[in-house]
Amino acid sequence: MVRFIKKTSKKAGLSPGTLVHVGDIKAEYVRIRVADYGEDYYEEKEITNIEECLPYKKKSTVTWINIDGLHDVDIIEKIGKDFGLHPLVMEDIAHTEQRPKMDEFEDYVFIITQMLLFDEEQNRLKAEQFSVVLGENFVISFQENISDRFDPLRERIRRGKGRIRKMGADYLMYAMIDAIVDDYFIVLEKIGEKVEELDEELVSRPGPELLQKIHNFKRELIFLRKAVWPLRETVSTLERGGSAFIQEKTSVFLKDVYDHTIQVIDTAETLRDIVTGMLDVYISSVSNRLNEVMKLLTVIATIFIPLTFIAGVYGMNFKYMPELEYAWGYPAALFFMLVVGVLMLLWFKSKKFL
Amino acid sequence: MVRFIKKTSKKAGLSPGTLVHVGDIKAEYVRIRVADYGEDYYEEKEITNIEECLPYKKKSTVTWINIDGLHDVDIIEKIGKDFGLHPLVMEDIAHTEQRPKMDEFEDYVFIITQMLLFDEEQNRLKAEQFSVVLGENFVISFQENISDRFDPLRERIRRGKGRIRKMGADYLMYAMIDAIVDDYFIVLEKIGEKVEELDEELVSRPGPELLQKIHNFKRELIFLRKAVWPLRETVSTLERGGSAFIQEKTSVFLKDVYDHTIQVIDTAETLRDIVTGMLDVYISSVSNRLNEVMKLLTVIATIFIPLTFIAGVYGMNFKYMPELEYAWGYPAALFFMLVVGVLMLLWFKSKKFL
Amino acid sequence: MVRFIKKTSKKAGLSPGTLVHVGDIKAEYVRIRVADYGEDYYEEKEITNIEECLPYKKKSTVTWINIDGLHDVDIIEKIGKDFGLHPLVMEDIAHTEQRPKMDEFEDYVFIITQMLLFDEEQNRLKAEQFSVVLGENFVISFQENISDRFDPLRERIRRGKGRIRKMGADYLMYAMIDAIVDDYFIVLEKIGEKVEELDEELVSRPGPELLQKIHNFKRELIFLRKAVWPLRETVSTLERGGSAFIQEKTSVFLKDVYDHTIQVIDTAETLRDIVTGMLDVYISSVSNRLNEVMKLLTVIATIFIPLTFIAGVYGMNFKYMPELEYAWGYPAALFFMLVVGVLMLLWFKSKKFL
Amino acid sequence: MVRFIKKTSKKAGLSPGTLVHVGDIKAEYVRIRVADYGEDYYEEKEITNIEECLPYKKKSTVTWINIDGLHDVDIIEKIGKDFGLHPLVMEDIAHTEQRPKMDEFEDYVFIITQMLLFDEEQNRLKAEQFSVVLGENFVISFQENISDRFDPLRERIRRGKGRIRKMGADYLMYAMIDAIVDDYFIVLEKIGEKVEELDEELVSRPGPELLQKIHNFKRELIFLRKAVWPLRETVSTLERGGSAFIQEKTSVFLKDVYDHTIQVIDTAETLRDIVTGMLDVYISSVSNRLNEVMKLLTVIATIFIPLTFIAGVYGMNFKYMPELEYAWGYPAALFFMLVVGVLMLLWFKSKKFL
Amino acid sequence: MVRFIKKTSKKAGLSPGTLVHVGDIKAEYVRIRVADYGEDYYEEKEITNIEECLPYKKKSTVTWINIDGLHDVDIIEKIGKDFGLHPLVMEDIAHTEQRPKMDEFEDYVFIITQMLLFDEEQNRLKAEQFSVVLGENFVISFQENISDRFDPLRERIRRGKGRIRKMGADYLMYAMIDAIVDDYFIVLEKIGEKVEELDEELVSRPGPELLQKIHNFKRELIFLRKAVWPLRETVSTLERGGSAFIQEKTSVFLKDVYDHTIQVIDTAETLRDIVTGMLDVYISSVSNRLNEVMKLLTVIATIFIPLTFIAGVYGMNFKYMPELEYAWGYPAALFFMLVVGVLMLLWFKSKKFL
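Protein chains in written order, with this note's numbering: chain A, 0 to 353; chain B, 0 to 353; chain C, 0 to 353; chain D, 0 to 353; chain E, 0 to 353.
Check before you lean on any hint, since a few could be wrong.
Identical copies go unnamed one by one, so any copy, or any two together, can satisfy a pair.
Unchecked claim - DSBU-like, lysine-lysine: derived pairs with alpha carbons at most 35 Å apart: (1) Lys318 <-> Lys160; (2) Lys225 <-> Lys212; (3) Lys212 <-> Lys80; (4) Lys212 <-> Lys350; (5) Lys248 <-> Lys160; (6) Lys44 <-> Lys165; (7) Lys217 <-> Lys350; (8) Lys189 <-> Lys351; (9) Lys212 <-> Lys348; (10) Lys58 <-> Lys318; (11) Lys58 <-> Lys77; (12) Lys160 <-> Lys254; (13) Lys44 <-> Lys58; (14) Lys350 <-> Lys193; (15) Lys351 <-> Lys217; (16) Lys57 <-> Lys351.
Honestly, the hints are just simulated from the structure, not real lab data. Since this is a predicted model, take the numbers as computed values, not measurements.
All chains, full assembly: derive it from the sequences and hints.
Here you go:
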């Protein structure tokens, strides 16, 4: 539950900017991939030594360095020094689960976002920190895991499809954020489907485990909001010309991402309203049902208690009880009981107790 | 329920600006209508080939191209290219259920809104995306469905009634938004009537199905708010001179639409407050009624339990029970029971248990 | 309940600015009164033909035209044309229950507010739209009803008491808004008294009808807020020099009205908090009382059930039950039952069940 | 309860600026005290005729006129005319329970605040309006009651202790507001203590009267907030150089008052959160306790009902019931009942019903 | 509970700026430590006479004076005079539990924050006021307690590790605030763990003491928020160049602290949402369980009441009851009861009452 609070105690007392990896995810190895491209040119390789990407720094073509796996802080440190990153930037990259944000420096912009996945087995959001450094003509991206999330993007660059090869490094960064925001929609879609299932369950077979489930979704939506809300601010700043590294023609695209982010937040809020409404309906209907049961049981008891009393009366041992002597006494008593029972039933019906 | 979350997963991985139709509504065919008018001139035709409307582009008269049906993305693409629309604009047109918004470009303004209808059978809002591109002297409008929503407006242009023929393209766009906002009032009116009915039902025959209905209206009002709230922003920007395509004399009219939008939001909020209040009243009154029933039943049981005890006492088989021998024992016992019962009843009455 | 949603459907499809009267209130006839005054001069008459007020338009003295009754849209149209009012202004005048607002035009300012009355019989707010057009040296005011609301003001002008005859048309408009805001205080006072009565009832004789009453007041306070809140904005704009028609010496007075408006909103909010608190107390105390009753009943039943069991035991027909033979068997059994009953009572008391 | 809504109806229809005293507090007589001081000079007297303070107006030393008792509007009017106060200022002084605010005029600043006292007997806040007019070298303060609230301050001036004699009229006004805000802390302290007591009562002996008490404190905190919140704005404006009558060296002190005001609001909010939390705990624990009682009672009844049934079986009058004939029939039946009772008890225990 | 309301009453009536120690914490003695350092130089000593630190004031190296223990106001006064602190600053230092804030003066900036510790025994936050005065080349810090909180920092300076010795006094102040904010994360971590434990307890063994615990955490989170929220503002002002004493190269670091503060607030809010959710789950599940118990008990009673009635019927003493004479009457009656009992059980099962 408190997965969003990382162990920060091991960092306390250290000098600010000290590199320590903080995070739950530990990739098997660190994969470093370099792609370099211009309008008519594309080069791509996987490297193991970070120095190999240095020559690309000076080239005027767009260079994309993608690092998957953050547990080896030496690599982050090395690349940080090579590209002149501020110690605090390197710390933020290694110390995962940062709040999404943007920091502008003289030579680059630094952006942190959260990549989200919805684990349908556990009904849980999985978050992975995605940090990106955007320079004049390079983009360095950091992921916690070795993933294929950006393979379609890479493929698009490789094939030269669309406008990506004609645009600069800022468009590459935009394309990555766009892909991440698209994932948010998929997450919402999945949660939406689950919520719909839940809603049907609510009608067909409401059980106590529903409560836990509803609360779980509420929690995940809080979590989602926490990850997406600050991104709104970041994208808005970028789009409104808040950074010198964003060209004007990319702004339109960032405006589009901004609109999508707003839509994600809107939808998440609406889902939360709906889930809260479901909670109310659930609680009301559970208590309604229970009350109905109690009412029915009480009605049954209430009908038999007076009848038992009548039986009790004729069970008394008084010597002189004339009714007991009559031949028709017994059937008459039974009939009387029947009449009393039926009358009570009818009265309850007329009063809508049943 | 999650109808407001569109399948976006089929778009993931595609280049931004790729045209894919996303939406539930698929019109039977695509209807393209062109109207061209000046102060003393009116021309109108339905075309099938989008190229036919190109000549109107250069004319100084106001041209209104209305496209009903968005599933054929080729048409959107063609018209987009002809009128120089940005790829993202075309994407937003095809990818329905966008959040209402306004984007200004060099040659045109692009506005997205939601047309709303209240389906009284299902007690549900139906939304349809309405996109409009406003240029110097043309308006291109896109609807998901083939509808007659703008027929009165078209009729007004045709007959040259009112001021519409004397005003520019911006006034035409205004007139369309005005018609859409007028529809919101009709939606509110209908919801209002239904809520009023519900309120009467609440008093006359409160049943468990009311809970579901109340929640349904709450949900629809959340949905309405989600559709209208962002429009407020858009209209406000337009009215305050946020676009070069809006002439000053049209601003007054946009201010009027703005006031109406605020009023819609206000009224929707008030309706929501009222519906929430109804929920509270409903829950209280249901639980009140149930408790009353339980109390009554318990009172009945509580009166008969001591009486049964008395009967039980005289049903004991002790050899020496003097009362049993008396001739008046039985009537005395019955009388005693009556007295006890009546006393209890009176006591309960005095304590206001009944 | 949904009285605040006017039938707007009959307007749908009409050209904007078309004059149609929308509203519940229909005055018996239309009363038009004209007053014209300067520092040492006063003239007043009731006219039937709107043309009669035209000569006053050019006079440098302050002219106040007061129109009571809006159902005859011809009159609004005529006066609108004479004084050069925008079609949308005329529409807003005729189409009542507009949101309070201010629109500035070249030749005049247009202000809409709601006059409120609290109907103590029905515990309901009654709203009436009050529109006023303030020009260089004239004020045209429109009311839905023929009322004497402004008679004290008229009297003050007539007698030349106070500063009103020395000030311009803007002060006249201010005086009218001030009177309307004063009425809000009276409404609050009345609601406050009713709420106080309710609070006493809550303590002395809480009944289920209180719930409905409390909710009713909550609703009326929502309604009041909806009417007053936007006025705050309007007065604030006027006071801060937002209009060329307001002289600086009148600003101080508008600041005063502004303070009063804030106070009205504040008080309404506090009343709402109090009413909400009453609701909580009511629900708690009702359920508390009911629970107490149920507890008492259950205690009674619980005491008699074991006693009945004992009686049942001695009512068994076993041949060999030694106790039954003893002469003191019966009184002993009765005494035993008494002891059991008393012990249970004491135990319940010690456990604070009673 | 609605003590914060003053009778304003008696003012309706009067010209704005008409002096009428509105308020609950009526001092026995009107006390007017004048103090005049410079760095090395101090003079003080109580006057009965307001004219006596006129000569001080022109003196360059600081003059403090303190008027206790507002019911005699003639005095306010006279001093108002002497010092050139705006009619609306005089109206605000006489018409108590104004919202705290600040109005700047050419020759003076006018400030209204609420002095608060916590009446520990009635657990109620008592408010008194404090108005102050700050001119170039004079301060006129108005209180509703004859009080000794400012005696320590007066003593400080008299003795020339601290910096007060070296500072101007603005510092005097600051010192008064500071004293008033200090009182808010005392009020909070007292409410805090009461709330702490309540919290202990909640644990030791929760009773239905607690509910009323908790709600009472909630109400008083709403009331406190209403009185303090607008003061924040006023002090903030003064401190940020919003008035020409505040010297820069006094600004630091006003910043201090501002911080205190924020702290008062903060603490009041926190107290409200705590009181709300207590309400939840109270309601939960009351209902918990009640449910426990009901459960216990039901357990008792449930154990005896089957036993009574068994006794009933052996009380049947069938001719051939073999058990009845056995010598050990009766003890066996009793033993059987015992076993059934014990087994049920154990089962309930194992299920944690007890 | 009301520990956050300090006794301020003893200060009422005193001149503003009068030094009185207000606070719960009283250190054993006052420890004054002075450290003086430049890039290649470090000096450190503990002094008893405050005058000893005066010579450092004029040195261009960074001087850090750390005072632990605030109960001796003379020391604060002396140092305040030596370094030219404003009387209100000295008052704020001595009067603990101030709201975090920043005040800029001509010669120094004054910052107040709260150091927080989570006492795991009592599940309570402990707050200690930390005040710091930042001048051109000196930092004076005040703590309520003698603590080793800044020992790692001191160690870092002593050893000349990291960049601290190369930076100015502003960086030292930053380092201290950074350490304090790091502590907030540790507090959150501990609360998070406790909340997680609570969540497990909620599932495994929900008891009434959980309610109190949950409310306790809610309260502590309110308290935390109250301490951290205003710090956000302070750091934001510093970082955005709000003070002349902050060098630009330190700004980046302050931005980092700012991000951390936001993250603390975010996490605290999320924790509060989670705790609130737990409260709902707790209340629902407790009431659910109780209702289930009541239902089961009622089912048992309801089954036996009709059976007892049947037994009662055959216990009646009518002379002519044919069944009683039959040899198989008794077993038949028992069998009939069994059938009735089983049928009721089955019916209850089919209705899901069990």
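**OP:** Just pull the numbers of the violated hints for me, sorted ascending.
**Re:** Numbers 1, 3, 10, 16 - these are the hints that the structure violates, sorted from lowest upward.
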